[in-house]
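Based on the sequences and whatever the hints tell you, model everything.
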Amino acid sequence: MDKEKIIKSIKIAAAAVLAITIAAELGLKYSATAGIITVLSIQNTKRETIKSARNRTLAFVCALILAAASFHLLGFTLFAFAWYLLLFALLCLYADWGEAIAMDSVLITHFLSERSMSVPLIGNEIALFLIGTTVGVLVNMHLRKKEKVFQKLADDVDLQIKGILSRMSLWLMEEDKSGYSPDCLIQLKESLDLARTCALNNYNNALWKKDSYEVDYIQMRQQQSMVLQEIYENIKSITCLPRQAKQVALLFEGIEQGYHRENTAEGLLKDLDLLFQDLKSHELPSNREEFEARAILFYILKQTKKLLVIKREFILTHPK
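First residue of the sequence shown? That's 46 in this note's numbering, and the numbers climb one at a time after it.
Honestly, the hints are just simulated from the structure, not real lab data. Treat the hints loosely; a few may be bogus.
Straight-line C-alpha distance at most 25 Å; calculated DMTMM-like pairs for lysine to aspartate or glutamate [unchecked claim]: (1) Lys-234 - Glu-358; (2) Lys-207 - Asp-141; (3) Lys-50 - Asp-201.
So this is what it looks like as structure tokens:
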């Protein structure tokens, strides 16, 4: 089993026991409820935990008001609770507090069971809520950014993109492209999804310093992956090999060799512009098949320029 999942399970169990113990030591009724609230308060990141606690606190205040009104008008009956639940669920869904419906309503059932909303009982429920929520928030405050994990995932993404560019330079020179599969692009998408999840978790675990570099970096690579998908499809559609294909293949080799995280792509863009000018000076195609192939090559070059511009814009907006 994943070590991280084991640690999280232990953390949840320990936090729940701690909350129940505190509630019991304070002599609160329904002390086990504090443990349930703690479990529901623990989220994957600090930001999510604090946001959840804030939403549930606001929802709990509304739940108390709605419950007081419902029980006062309709008595401590199942119908009154159903009426409260209808109104509370509508409010929570409208305010995007859906996660608070079950937790807060469990506290409200205590009023129904006791057939009372006396001040001491309301204080009891507020105390249960505060203990459970506070323990849940404090337990998650130890979460840290996993910078090394992200670096490994980002390096893996970069290595895969280099491999894709290398394959493109080779397959561009092959007339029979039936063996050129999109497996590497599919694998890249999966790796990007993993890296994006890690980047988002890192961002949401940094409460005071909002550094979006990792998230933006993966977003940039995702944009490039979509361009690479388009280039792949165009390479597959080339049915003949004009002599200009060799020049484009060499360009891909150059991009692959100069591919690294800090490359501004300025030099590669200059090489691309020179290649554009050179190809435009070539004599016109001699037949329709060559014309179509060269048209696809020109489009591939335009897509390649887009690929490089995406990287250049990222570097310019994220100076080290």
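Each hint tested on the structure:
no.: 1; hint: Lys-234 - Glu-358; in the structure: holds (22 Å)
no.: 2; hint: Lys-207 - Asp-141; in the structure: violated (43 Å)
no.: 3; hint: Lys-50 - Asp-201; in the structure: holds (23 Å)
In summary, the structure is inconsistent with hint 2 from the numbered list given earlier, while agreeing with all the others.
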